[in-house]
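S.K.: On the provided structure of chain A, position chains B, C and D as indicated by the hints.
Just so you know, the protein sequences line up as chains A, B, C and D, in that order.
Counting along the first sequence from 1, when you hit position 128 you're at 128 in this note's numbering, and nothing is skipped either side.
Counting along the second sequence from 1, when you hit position 114 you're at 114 in this note's numbering, and nothing is skipped either side.
Counting along the third sequence from 1, when you hit position 135 you're at 135 in this note's numbering, and nothing is skipped either side.
Counting along the fourth sequence from 1, when you hit position 235 you're at 235 in this note's numbering, and nothing is skipped either side.
No false leads were slipped in.
Since the list gives no way to pick out one identical chain from another, each pair is judged satisfied if it fits inside one copy or across any two copies.
Lysine-lysine pairs mimicking DSS-like chemistry, simulated, CA-CA at most 30 Å apart:
#1 273 <-> 98
#2 34 <-> 20
#3 204 <-> 179
#4 98 <-> 34
#5 320 <-> 34
#6 34 <-> 92
#7 179 <-> 273
#8 20 <-> 146
#9 273 <-> 311
#10 329 <-> 273
It is worth saying that the hints were derived from the structure and are not from the lab.
Protein chains: 4
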Amino acid sequence: MASIIGINLKVSIFGESHGKAIGVNIDGLPPGIKLNLGNIRYEMMRRVPARTALSTARREEDEFEIISGYFNHRTTGTPLCAIIRNQDKRSKDYERTKSLMRPSHADYTGYIKYRGHNDYRGGGHFSGRLTASLVFAGAIAKEILKEEDISIGSHIKSIGEIEDVSFDYIDLDGDILDKLNKEALPVLDQSKAKEMEELILKVKKEGDSVGGVVETAVVNLRAGIGSPIFDSLDSHLAKLIFSIPGVKGVEFGSGFSISRMLGSQANDEFYMKDGQVRTFTNHSGGIVGGISNGMPIIIRTAIKPTPSIGKRQRTIDIEKGEGAELNIKGRHDPCIVPRAVAAIEAVVAIGILDLMMEEGKWK
Amino acid sequence: MASIIGINLKVSIFGESHGKAIGVNIDGLPPGIKLNLGNIRYEMMRRVPARTALSTARREEDEFEIISGYFNHRTTGTPLCAIIRNQDKRSKDYERTKSLMRPSHADYTGYIKYRGHNDYRGGGHFSGRLTASLVFAGAIAKEILKEEDISIGSHIKSIGEIEDVSFDYIDLDGDILDKLNKEALPVLDQSKAKEMEELILKVKKEGDSVGGVVETAVVNLRAGIGSPIFDSLDSHLAKLIFSIPGVKGVEFGSGFSISRMLGSQANDEFYMKDGQVRTFTNHSGGIVGGISNGMPIIIRTAIKPTPSIGKRQRTIDIEKGEGAELNIKGRHDPCIVPRAVAAIEAVVAIGILDLMMEEGKWK
Amino acid sequence: MASIIGINLKVSIFGESHGKAIGVNIDGLPPGIKLNLGNIRYEMMRRVPARTALSTARREEDEFEIISGYFNHRTTGTPLCAIIRNQDKRSKDYERTKSLMRPSHADYTGYIKYRGHNDYRGGGHFSGRLTASLVFAGAIAKEILKEEDISIGSHIKSIGEIEDVSFDYIDLDGDILDKLNKEALPVLDQSKAKEMEELILKVKKEGDSVGGVVETAVVNLRAGIGSPIFDSLDSHLAKLIFSIPGVKGVEFGSGFSISRMLGSQANDEFYMKDGQVRTFTNHSGGIVGGISNGMPIIIRTAIKPTPSIGKRQRTIDIEKGEGAELNIKGRHDPCIVPRAVAAIEAVVAIGILDLMMEEGKWK
Amino acid sequence: MASIIGINLKVSIFGESHGKAIGVNIDGLPPGIKLNLGNIRYEMMRRVPARTALSTARREEDEFEIISGYFNHRTTGTPLCAIIRNQDKRSKDYERTKSLMRPSHADYTGYIKYRGHNDYRGGGHFSGRLTASLVFAGAIAKEILKEEDISIGSHIKSIGEIEDVSFDYIDLDGDILDKLNKEALPVLDQSKAKEMEELILKVKKEGDSVGGVVETAVVNLRAGIGSPIFDSLDSHLAKLIFSIPGVKGVEFGSGFSISRMLGSQANDEFYMKDGQVRTFTNHSGGIVGGISNGMPIIIRTAIKPTPSIGKRQRTIDIEKGEGAELNIKGRHDPCIVPRAVAAIEAVVAIGILDLMMEEGKWK
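Chain A extracted, bound-state conformation (with noise of 0.2 Å):
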């Protein structure tokens, strides 16, 4: 019951870091949409390890097979299941620690969830791998929202202490975001992606990692996409976002920062605009009382630093019930949060999908 969401469109992934493969279910595609598969495999390349020297050695091409749901180049309507097989696993690497629980991963939780009979290998169920299955699915329906000339992209907000600007909020359009999606450190300032660059190497070198923070936006949603109470287009979201492992926060338009303004600075006054409405600020990120209003969607997610790294950490030993020292082998990366990207825009992706088809599935 937990690896199924969606309410119009219900997505499943299953699979674990190093068993056979990793896939995903879609029910509930409209029939009859022609796939752009050098696209989906374009989002896949974004997420995937090795790219460049800032992310992990270990080489996953993500080769999707489309098993059901897709004839004649088209969705047929009918369930659409892909599995990505697993390749280059080195699962001999966790076999000797397997009762090392690696601090703040999901060995000691997953574990007691489980009973001891999960797939400790590479994370398992809980790796980050099973975000490509996320990816796939979030490809396929960017796709779609893009025939409504729905645009999703983000740049990366910060990483450690360096920060980048933020999305102008008001006026922001779909070539930016299309622009950011090309780039490996996709940043608005451009010195700061060298920045960023040069820390991320450098706590590599150090055998550490580093956290930060993704700013997502969406431009060109219509106002009334979400539904009062518990589907709320942000409630959606969020569940969908902290569903992706690493993420710790989530907020929306001026999030966290609101809480320090006073009703007269924070709300967001309308005006009319060539017959649109339209607000002059958007502290709302775009979403009120749980609906989108018009203006452009702005979501910033907190990534921790992964948990994997060099140096040695104080553990238990969950077979003994002792305490043990733990110093990890295998490839890792220093800074997930590039990789974040495509996995946070595949959900936001399948999210506003999924609201969307409230109003009608079939075109």
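M.R.: Leaving out everything else, chains B, C and D in the frame of chain A:
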């Protein structure tokens, strides 16, 4: 499909601020739970306005009537429905200005969503008043959790720029939380209560409003609650919390600030204490891989300043399709943060009980 | 989790036969639907007992109060909740015999399920009275379907051994169904109404009860409604119909008798008529592959004789854990079949509307 | 939203008859269940065609590959996905006639539903082949139920006009059911197997097909399983059974024939036997008020004759929008009833396990 939530415990809420009543239907409660109606009334009183000068002058008694699912002072196991009649409504206040969209209220998005058919009086179904139903359901959930020694409590982390200290994330017991539950302005550093109160009175006088942050903790929740991927404890709680009107950000543990840390700082190393698995730090806020790890759950919620302010604002007249000015009359809170505390705790209690029931609905 | 149903339109019912009230919450109705309260009252009157000598002497006015989701005589689009107060309860009748499990009633299974905490008076949550909530919701669904010219109607196919003729499965129009809706004992062969009435009065006199079969039709439902695999039209309707107390069998089209045919007899061959796709026969009952094919939907529902009979029966005393004898007092129907008609039509209307909404909730 | 079912145990199926593969994803299995793959293969063999002259000549090996959720020969507790590659497809057979709608097949309704984009080859997603996925999932469910001594078995109650005797509804033990599971044409009166076989060969020779009824029993299911109103045991099982292609009727216990009884005949009176609550008769088929009462569960399912027949039929050409004639080639079953047995038992096992999990997912 919007006003129902839950996996094992389904909570559906209904009603509008100025309609006949609001209410809640709770499906899936275990049978035989003895309800302490006094405790439920106390919880509901916590979110009632007009307790002090700090709140709106509207009197809401929030007298609930249990309609079903309650027999011989105990739950029956069948749906428990309760309604709360609306009283002291001044709907006329809203009639005059119904086509003037109040900035950062759900007037506009509700109008679009429901094509002008929603009940606009007092915010209708979007009103904060709906949280009374959540608090009722949450009070029952709290009682059931209390039987397992699980406590939920909060303090006001900040109002405007005035900031309280944080919870001790490691050594936190239920007594502190119970004590906080009894205060109108719960803070850890008592000197801050006075400052916050002064600030609220000041903005009230100015016809303005102010936001804040609530920090909530859950103690004695055993490890193993929550399910990867999408029914993770953080995903589930975030969805519930973002359903509360006015929430713009949610973070767990060190939240956004963890994004600035190195992995070697952020990782919560393990140790054994009296046969229990514990961590030296609790940056994770008690949740790793979407599952509780036995440490205190720490949640911070950002709440925007009430959009209802007494100042003149620019807006649009939705029927005329042109710009307009708005001068809101009516009785409003200068700060909903103290009242939001009860609502946040309620949905946290509902969410945790719901996920715990996975392990067996009937005891 | 038990008393909520629906995919796009969620209907949840609550209440017990002798509690304060029963009710229903409908989440997902389109906004702006003008409700004809007279029609709703008429539908509810159809299931009310005590209309004739054929039914129980209990008077139930079934006056409903709409609590929410209804504003200016129209649906708002937010949850529409209605409650129906319980009156003329004779709970004392049940107190004396509460530990004596009435055969083929839900006393025993309810006792086990809810560990003795369920409200046993008058069957509690299991009572046929709960169908009043379904009929209320169904009446609204019927109104919405009527706007698309879709009619639902039924006749009593049999009571005991007395059998009416069948619907014409090919040429069936809404007028016939509307006419049947107006009769207390709707039959196609009027001579059977008299015979059925006599049989019911005879078994009543003997303190016994009798069962029957209801045949329901839906006309003018367009092709394409229902989804393979599990949300198929027949699956969805069957689930709803089996939720009505006393139903023991459901069949579509030629149903059980199709199992005796050859394929060459059972297949519904196609032809074109005035540009419309039609079939020469309708053994499929308008549903193929779980999806409507544009022909009339034909459903037959088997209803058991009311288990409440005036005769002495062998049973057990659940508290003493030993055999006992039971002599039920109270006012009971000798035949619930005529009253079940309204309930069956209600859930069929709810189920069809729910599946139709997949194609767009708001029109 | 169509191909997923389940409350506590979510089963989603995907695939098309002539696509790459079909498969199933099972979310919510308890961790640590040792799977007997031999038993699973045996169950899948039961529904495989071409075992005897009685079935289609298509060879389907139904070799499954478990992709996830299975580690060290045990379930992990995370989603268990398996795929079954499609082989020996003769898709060409379907290309030539793709615009000719086969009577009583889902060609036409599928075409309308999916606007001509569904995979029409071999029935696509509507094919009976999809039940292989259900049988796989059901085999796992059966294993888990077996641990609690719960057995599920069936006999063929009738094929055409040839009728077997009925189960003994009162004294029925698992051994009889286990024995039936081993037979290709399971019947209680062995003389009927020969007659049925002769009938099937006769209609095969004539290029025709024949339907039948399957009677299924579940023994040793404890009282208390199933929830009023909509998740009742009969509602839930009926929904699942009607999802199997070709099912036109479902009844429990005495089913349609109970409608002809008097209450004094139909009521199942209670008595105590060795401290156990039992009933003298079992017209209820083990379900009262939607909840199991501890007596054997009795279900009868009506299956239509396969619509694939070798005879010339009248139909339409959907693309030309005009009448046409159809002469189906290809390999088809003259009678799918024997193969349906495995599918029915599978969904009954899934449905019962799902509802039992309400009482605690992890043991």
